[in-house]
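Student: Modelling step: build the complete structure from the supplied sequences, incorporating the hints.
Note that the protein sequences, when read in sequence, are chains A and B.
Here the first sequence is numbered in numbering that gives the first Met the number 0, starting from 0 and rising by one per residue.
Here the second sequence is numbered in numbering that gives the first Met the number 0, starting from 0 and rising by one per residue.
Any given hint could turn out to be false.
Claimed, not checked - Okay, derived cross-link-like pairs now, DSS-like style, lysine-lysine, Cα gap no bigger than 25 Å in a straight line:
id : chain 1 : residue 1 : chain 2 : residue 2
1  : B       : Lys188    : A       : Lys419
2  : A       : Lys385    : B       : Lys222
3  : B       : Lys188    : A       : Lys128
4  : B       : Lys241    : B       : Lys306
5  : A       : Lys402    : B       : Lys125
6  : A       : Lys390    : B       : Lys163
7  : A       : Lys223    : A       : Lys247
8  : B       : Lys188    : B       : Lys261
9  : B       : Lys125    : A       : Lys390
10 : A       : Lys433    : B       : Lys163
11 : B       : Lys106    : A       : Lys124
12 : B       : Lys51     : B       : Lys106
13 : A       : Lys330    : B       : Lys125
14 : B       : Lys110    : A       : Lys98
15 : A       : Lys128    : B       : Lys279
16 : B       : Lys251    : A       : Lys390
17 : A       : Lys390    : A       : Lys402
18 : B       : Lys261    : A       : Lys385
19 : A       : Lys98     : B       : Lys282
20 : B       : Lys251    : A       : Lys433
21 : B       : Lys261    : A       : Lys371
22 : A       : Lys98     : A       : Lys124
23 : A       : Lys390    : A       : Lys419
24 : A       : Lys390    : B       : Lys261
25 : A       : Lys330    : B       : Lys163
26 : B       : Lys163    : A       : Lys402
27 : B       : Lys241    : A       : Lys290
28 : A       : Lys390    : B       : Lys106
29 : A       : Lys61     : A       : Lys371
30 : A       : Lys419    : A       : Lys433
31 : B       : Lys110    : B       : Lys125
32 : B       : Lys241    : B       : Lys282
33 : B       : Lys370    : A       : Lys385
34 : B       : Lys391    : A       : Lys330
35 : B       : Lys251    : B       : Lys279
36 : B       : Lys261    : B       : Lys222
Because the hints were derived from the structure by calculation, they are not lab data.
The chain contents come next:
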Amino acid sequence: MFELFHFHLKHRFQCIKMSSRKSKSNNVIHAEYLSQVQRILRERFCHQSPQSNLFGVQVQYKHLIELLKRTAIYGESNSVLIIGPRGSGKTMLINHALKELMEVEEVSENVLQVHLNGLLQINDKIALKEITRQLNLENVVGDKVFGSFAENLSFLLEALKKGDRSSSCPVIFILDEFDLFTHHKNQTLLYNLFDISQSAQTPLAVIGLTCRLDILELLEKRVKSRFSHRQIHLMNSFGFPQYLKIFKEQLSLPAEFPDKLFSEKWNENVQCLMEDRSVREVLQKHFNVSKNLRSLHMLLMLALNRVTTSHPFITAADLMEANQLCSMDSKANIVHGLSVLEICLIIAMKHLNDIYEEEPFNFQMVYNEFQKFVQRKAHSVYNFEKPVVMKAFEHLQQLELIKPMERTSVNTQREYQLMKLLLDNTQIMNALQKYPNCPTDVRQWATSSLSWL
Amino acid sequence: MPHLENMVLCREPQVATLQALFGERHHFSFPSIFIYGHTASGKTYVTQTLLKTLELPHVFVNCVECFTSRLLLEQILNKLNHLCSSEDGCSTQVTCETFNDFVRLFKQVTKAESLKDQTVYIVLDKAEYLRDMEANLLPGFLRLQELTDRNVTVLFLSEIVWEKFRPNTGCFEPFVLYFPDYSIGNLQKILSHDHPPEYSADFYAAYINILLGVFYTVCRDLKELRYLAVLNFPKYCEPVVKGEANERDTRKLWRNIEPHLKRAMQTVYLREISSSQWEKLQKDDTDPAQLKGLSAYTHVELPYYSKFILIAAYLASYNPARTDKRFFLKHHGKIKKTNFLKKHEKITSLVTLQLLTLVGHDDQLDGPKYKCTVSLEFIRAIARTVNFDIIKYLYDFL
Numbered sequence: 000m001f002e003l004f005h006f007h008l009k010h011r012f013q014c015i016k017m018s019s020r021k022s023k024s025n026n027v028i029h030a031e032y033l034s035q036v037q038r039i040l041r042e043r044f045c046h047q048s049p050q051s052n053l054f055g056v057q058v059q060y061k062h063l064i065e066l067l068k069r070t071a072i073y074g075e076s077n078s079v080l081i082i083g084p085r086g087s088g089k090t091m092l093i094n095h096a097l098k099e100l101m102e103v104e105e106v107s108e109n110v111l112q113v114h115l116n117g118l119l120q121i122n123d124k125i126a127l128k129e130i131t132r133q134l135n136l137e138n139v140v141g142d143k144v145f146g147s148f149a150e151n152l153s154f155l156l157e158a159l160k161k162g163d164r165s166s167s168c169p170v171i172f173i174l175d176e177f178d179l180f181t182h183h184k185n186q187t188l189l190y191n192l193f194d195i196s197q198s199a200q201t202p203l204a205v206i207g208l209t210c211r212l213d214i215l216e217l218l219e220k221r222v223k224s225r226f227s228h229r230q231i232h233l234m235n236s237f238g239f240p241q242y243l244k245i246f247k248e249q250l251s252l253p254a255e256f257p258d259k260l261f262s263e264k265w266n267e268n269v270q271c272l273m274e275d276r277s278v279r280e281v282l283q284k285h286f287n288v289s290k291n292l293r294s295l296h297m298l299l300m301l302a303l304n305r306v307t308t309s310h311p312f313i314t315a316a317d318l319m320e321a322n323q324l325c326s327m328d329s330k331a332n333i334v335h336g337l338s339v340l341e342i343c344l345i346i347a348m349k350h351l352n353d354i355y356e357e358e359p360f361n362f363q364m365v366y367n368e369f370q371k372f373v374q375r376k377a378h379s380v381y382n383f384e385k386p387v388v389m390k391a392f393e394h395l396q397q398l399e400l401i402k403p404m405e406r407t408s409v410n411t412q413r414e415y416q417l418m419k420l421l422l423d424n425t426q427i428m429n430a431l432q433k434y435p436n437c438p439t440d441v442r443q444w445a446t447s448s449l450s451w452l
Numbered sequence: 000m001p002h003l004e005n006m007v008l009c010r011e012p013q014v015a016t017l018q019a020l021f022g023e024r025h026h027f028s029f030p031s032i033f034i035y036g037h038t039a040s041g042k043t044y045v046t047q048t049l050l051k052t053l054e055l056p057h058v059f060v061n062c063v064e065c066f067t068s069r070l071l072l073e074q075i076l077n078k079l080n081h082l083c084s085s086e087d088g089c090s091t092q093v094t095c096e097t098f099n100d101f102v103r104l105f106k107q108v109t110k111a112e113s114l115k116d117q118t119v120y121i122v123l124d125k126a127e128y129l130r131d132m133e134a135n136l137l138p139g140f141l142r143l144q145e146l147t148d149r150n151v152t153v154l155f156l157s158e159i160v161w162e163k164f165r166p167n168t169g170c171f172e173p174f175v176l177y178f179p180d181y182s183i184g185n186l187q188k189i190l191s192h193d194h195p196p197e198y199s200a201d202f203y204a205a206y207i208n209i210l211l212g213v214f215y216t217v218c219r220d221l222k223e224l225r226y227l228a229v230l231n232f233p234k235y236c237e238p239v240v241k242g243e244a245n246e247r248d249t250r251k252l253w254r255n256i257e258p259h260l261k262r263a264m265q266t267v268y269l270r271e272i273s274s275s276q277w278e279k280l281q282k283d284d285t286d287p288a289q290l291k292g293l294s295a296y297t298h299v300e301l302p303y304y305s306k307f308i309l310i311a312a313y314l315a316s317y318n319p320a321r322t323d324k325r326f327f328l329k330h331h332g333k334i335k336k337t338n339f340l341k342k343h344e345k346i347t348s349l350v351t352l353q354l355l356t357l358v359g360h361d362d363q364l365d366g367p368k369y370k371c372t373v374s375l376e377f378i379r380a381i382a383r384t385v386n387f388d389i390i391k392y393l394y395d396f397l
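Tutor: Following this line, the structure appears as structure tokens:
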């Protein structure tokens, strides 16, 4: 019987060891898969991987790809502007189209691409150097000096002619942040590019990407007349049901994921989230503020941050937390960290704004208002010297919570310079509610300036 | 990471968020992260400590030091070069004038073997100064991952909120992270952390309590409070050192230090005197009324004519020029015509006392122009000593 007992104990011990080993190995497996999940999703949210789908822009895509094919294959010159608000998918659209274009064999050998960006090439000289560099013609140009921009550009395009001089290689120019190019002197680059696209020298496609709807107003008359007025609009024109589908698709793991079991569990979890009512509320709130996919990616990234080996699946609570972080009022956060003296100054300014209907004030006026509060017997603890109050006032200016009406002129002293407050009454009252250990008399003073009478 | 928590007090949630955001070395992170919070809330310290402890490849630049775009871009590239090359031979200094060159050179530098696809972090401290530099820098840095097509993340540290950075036509929105201010409990914990080893932690904690009691309603800046704590501790220990009280005699210690701290608020806190002057005062134990501040306001006795020159300068500085006729036609001037040289000397001495400042260029042909920089109360006090009612002659008081 003793041996039976001994065997029983040993068996139990082995079972415990085995189960702990199993859970440890489960944890190890989880960690590896979670790392993969993080890699895939991060690439999707942070890097705009080229595998992403096109949501609701099929028509525009078709239009663009046809245009590019006409230039690349049939040698027709074209120009088009892709217009859409920030984050609506312009860069993604053109990248997709170029990828598909380069898969056609005869295209990939002949066609050249030049990518320009308004943020990088801030004047036409730099732009020209960049074009030379991207066409690999630096050696050909060498030390030549050109009379004009047009000469230089036509020389470059001549140099691209094929060996038998019969036709030239088509070039596709992609100009990102197109509206910034319109601020260059005389819009020389744009004029020349559009000019060449109208004349039949080299097959040229000029594709501009911009977020400004009024882009045509920015073009000069001679540039506008050479532009083909072809526009592709990306307007985020999907509704909330499609937004939900996008949410599901963005969070789901692709079919090629190594462990089928894990990816099924993950995708099932995503489906549950999509049907959860509180998650729908969060997404509806987010959708009402901003439709574009970039802000959705930010929300999902915040939720993804909370995934660890002990918490391997995203929950509704994660998404609600993420939404709260996204919709914080940053000025209220700054007010939360001010000292009591600085809060008193803000309240004094609030009262001045109420009495004088938002007329600008100066430090002396704020100080006088503050003194009215201090001179009550019980408030003598706030009786600070004027320079100390001035230092607090200057700190508020440094934080840009108050702003001078005009630049600091030599003629007025600091105490008499007119300022205005950049917080409104509801923000101040909300911030005061959350302010830690707010003294009661200060809070009472805030609610009514007449309460101390 | 336990030893990281010891280095960074009261900031565990922020460290955890940042670590989660950074993710694993080879994973992509969000292209730009904007961290805001009050000054001395640990933004720079936490970011630097975290990046150094995790040994992630990073470059740290301060936008106040690099006040032009060229300085900024060159410093980033040079530091990156330093990071990538293991041998510390004389690395060639890079020249980079435009953002276009920066992107091109950045792509070259990050091809180095030692980086091997790891995320490179660029930290821009005091990022609010970027708004005053060239207009394409801020949007460019926000999109650096896309423009260079590399695994790079740019961190912006600032005390100004993100809404004031956004350009007019929009930009790539960064991930915004808030560093909350320290509560009074946190401040106590952090300040008590650097107690000198000769005294017990409780003794120092009681001192910090008193210090916070005096200064907390005025200032919550950790740097200021630490500075004040270090300066005033010797005075606090004085009774113990002299043997007049022991460590637990809180009432006596409090009575000794409290007026001293109140004086500190009017002088050292306002930077009226330097810390070395303050320390000297503590040692000499002089009467506080004899404190000579930077602003010579209450402590200077001006000669008779200098006072009138000062009053005249104040009137000239703050009355519009067209009103002079109105005020001074019937003026029985008490200002006698003194020797020109003497007047010049007196003006120079007033400039030295910082009561007048030189305005305008040195090469103005019709003589240098000055402006009076004293406050209204001061000039009224001066005017009273010479029986001149200045208020009658000031335009703003009509």
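Student: Now tell me, hint by hint, if it's right for this structure.
Tutor: Verification of the supplied hints:
| no. | hint | result |
| --- | --- | --- |
| 1 | B/Lys188 <-> A/Lys419 | violated, 37 Å |
| 2 | A/Lys385 <-> B/Lys222 | holds, 22 Å |
| 3 | B/Lys188 <-> A/Lys128 | violated, 58 Å |
| 4 | B/Lys241 <-> B/Lys306 | violated, 47 Å |
| 5 | A/Lys402 <-> B/Lys125 | holds, 19 Å |
| 6 | A/Lys390 <-> B/Lys163 | holds, 23 Å |
| 7 | A/Lys223 <-> A/Lys247 | violated, 43 Å |
| 8 | B/Lys188 <-> B/Lys261 | holds, 23 Å |
| 9 | B/Lys125 <-> A/Lys390 | holds, 21 Å |
| 10 | A/Lys433 <-> B/Lys163 | holds, 23 Å |
| 11 | B/Lys106 <-> A/Lys124 | holds, 22 Å |
| 12 | B/Lys51 <-> B/Lys106 | holds, 23 Å |
| 13 | A/Lys330 <-> B/Lys125 | holds, 18 Å |
| 14 | B/Lys110 <-> A/Lys98 | holds, 24 Å |
| 15 | A/Lys128 <-> B/Lys279 | violated, 64 Å |
| 16 | B/Lys251 <-> A/Lys390 | violated, 31 Å |
| 17 | A/Lys390 <-> A/Lys402 | holds, 15 Å |
| 18 | B/Lys261 <-> A/Lys385 | holds, 14 Å |
| 19 | A/Lys98 <-> B/Lys282 | violated, 77 Å |
| 20 | B/Lys251 <-> A/Lys433 | violated, 37 Å |
| 21 | B/Lys261 <-> A/Lys371 | holds, 23 Å |
| 22 | A/Lys98 <-> A/Lys124 | violated, 29 Å |
| 23 | A/Lys390 <-> A/Lys419 | holds, 17 Å |
| 24 | A/Lys390 <-> B/Lys261 | holds, 16 Å |
| 25 | A/Lys330 <-> B/Lys163 | holds, 10 Å |
| 26 | B/Lys163 <-> A/Lys402 | holds, 12 Å |
| 27 | B/Lys241 <-> A/Lys290 | violated, 71 Å |
| 28 | A/Lys390 <-> B/Lys106 | violated, 46 Å |
| 29 | A/Lys61 <-> A/Lys371 | violated, 70 Å |
| 30 | A/Lys419 <-> A/Lys433 | holds, 24 Å |
| 31 | B/Lys110 <-> B/Lys125 | violated, 29 Å |
| 32 | B/Lys241 <-> B/Lys282 | holds, 13 Å |
| 33 | B/Lys370 <-> A/Lys385 | holds, 23 Å |
| 34 | B/Lys391 <-> A/Lys330 | violated, 45 Å |
| 35 | B/Lys251 <-> B/Lys279 | holds, 23 Å |
| 36 | B/Lys261 <-> B/Lys222 | holds, 18 Å |
Of the numbered hints given earlier, the model fails hints 1, 3, 4, 7, 15, 16, 19, 20, 22, 27, 28, 29, 31, 34; all others are met.
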